[in-house]
Amino acid sequence: MIRKTEKNTLLQSETLRDTVVRYVLMILMVIVFFGLILLIYGINPIQSYKDIFSSTLGSAYGFSEVVVAMIPMLITALAVAIPWQVGLINVGGEGQLYIGAAFATWGALTFSSLPAYILLPLMIVLGMLGGALWSFIPAYMKAIGLVNETITALLLNSVAPKLVGFLIFGYWHSAMDTVKTANFVSAARLPTFFGTRIHLGLIIALVLLICFWFVMKYTRWGLEMRSIGGNSHAALRNGLPVKAYLIIVACIGGAIGGLAGMTQVSGFYGVLVNNFSTGTGFMGFLICWLAGGKPLGILLMSFVVAVITAGGNMLQLTQDLPYAVINILLAFTLFIVLARPSFFGRNKA
Amino acid sequence: MTTLAILGVLSSALFSGTSLLYATLGEIIGQRSGVINLGLEGTLLVSAASGFAVTSITGNPYLGTLVAVIAGGLTNMILGYLVIERGANQLASGLALMFFGYGLSAMIGKAYVGAKIEGLPRIALPGISNLPTLYSSLLSFDILVYLAVPVAILVWWMLFRTRWGLGLRATGENTDAAFSSGRNPKRIRYQSLFIGGLLAGLGAAHLSIAYTMTWAEHMTAGRGFIAIALVIFSRWNPLQAIGGALIFSGAVAFQLLLQSSGVQVSPLLLDTIPYVITLLVLIAMGGTRKQSTPAMLGRVFSGSE
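These protein sequence lines are chains Z and R, in that order. Counted the way my numbering counts, the first sequence spans residues 1 to 349. Counted the way my numbering counts, the second sequence spans residues 1 to 305.
Fair warning: there could be bad hints in the mix.
Now the in silico label distances, taken between C-beta atoms and shown as ranges [stated by the list, open to error]:
1. R:Ile-70 <-> Z:Cys-211: 45 to 53 Å
2. Z:Leu-39 <-> R:Arg-122: 40 to 48 Å
3. R:Gly-250 <-> Z:Tyr-218: 37 to 45 Å
4. R:Arg-122 <-> Z:Pro-241: 56 to 64 Å
Simulated coverage check for chain R against chain Z, where a stretch passes if three residues somewhere in it have a Cβ under 8 Å from a Cβ of chain Z [claimed, not checked]:
5. 103-113
6. 132-143
7. 223-236
8. 260-271
Source of the hints: derived by calculation from the structure; they are not laboratory data. Beta carbons: idealized from backbone N, C-alpha and C, even for Gly.
With the sequences and hints as input, model every part of the structure.
Set out below in structure tokens:
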């Protein structure tokens, strides 16, 4: 059994000044550590940081790219945050993303003659259905007491990309290229805004985030979910259908994960590419964890991680670093947040 | 299907099961002390890349193996610091370690993609070397394959027959009791994570230096997660882990047999077989594992402060 044992205590028992100083120092630590790595690798760190800054926050285009990178992170983090409320740990975001994308792609390829106002909702429903089915497997195993949901989901994460690859190679690939499908028709693409790559997925993500906040705070369902997450035995004794809740909430989480896949293929790529996601689902888990499952925190943390990813992409292009180096920068950030360094001599872990 | 082809399949299944057995043993030690390392995949990648790089530079596979082993231990120390010293969430720290491993291994291995090395030499057992060359070359393995089962027995002995192992298991079952009987849970957890990392490094070394003899990004392809699944399957018992690794080997052999017998199935679907079979075995075993899970797995211990 793996239990969620401690709450995120980052923001508790600190004055605002301490919090700000703390975050600034933590960011400085990340910058210094990663700079050292770049230096060892023979790359000028100051120039690299200039590149990162100018390519993300330094221009309107750069900022729009950060927002684009943020969309799947917001949605996958939400896919973790919802099951989190009832004490379920959803590490299967990566698999749900792939299966959701595959279901949505099937819709886009099969019903390509439908108008956008029918096709897009259909793809959304299909994507959510795919993700929900994929997360139903671990949730059901858990509910009938067979296998821990974490390990099932992790194994399924390895299966999903191969399954999607099989569909692409075997059936869906375009005439020109075997590693991707034909480009989606324009009716199957989520609309974009302001001439940038920001797409409707952003609105969907923000609306979902607000719904999540509202449901958890103001409805009976939210209260019941929180009580199951707090003490599932007590909830059971109070007559709550705990098992049904666990399965349904896990499937809702999976559906959101599938939706993230749908928005990626429909909004961002416009085509289903083999192995299109490299760890977005895992990032969702980390973002949700860093944010303590809170909606506002998810928004902030997604933004921070998106800056790192977008900046890292730029670094890869200009400095010829492997893509995976972004993972080092991300890992350093996470390590430092996880270590909760105490700059003020209190706040002992 | 000739006998030779079947032997070839079995031999390469044994090769791919070996690295998994080492990784599983390492994870068992860590989990027995109460720390779950979800970042095993990252540890494996860092070890595989650094071991391969050193072998490629020095031309000495033994030196490469040694470096891989040490790299594994050190990588696990990052997790140790976060979860033991700072009381961080174990799952989140593990995933962060996984990302770290993806990144660091890609950086280390970048210059060595496609490089060729002399792998660990294969040693034929006395009886085998008399067979025709084709057979004997298929049936001779490197030293790490021969050592895998003895190491599993050694780990079992350490965990269940030594005072150190008793303290380690006590830490995993009831940290407070272990602490109040004079053990140092933090030190024990560091030790077990370090040794677990060494074993994971050995498995990774076998993968990159002895089995594939190449380096590619993400070359472990989910083996870390399969190892974690096998820990549950083996009920945290090193001897049963041998069985787990054999099941995995069997799955790989099945996959290779299907591939080589010319059955018209997509290789991508065949690639999912080891994961699916691992999952099915877990399901078949389900419900019986509760008693053997270390009770304090995943918990933060802060009693000594």
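Hint by hint, where does the structure go against what was stated? Just the numbers, ascending.
3, 6
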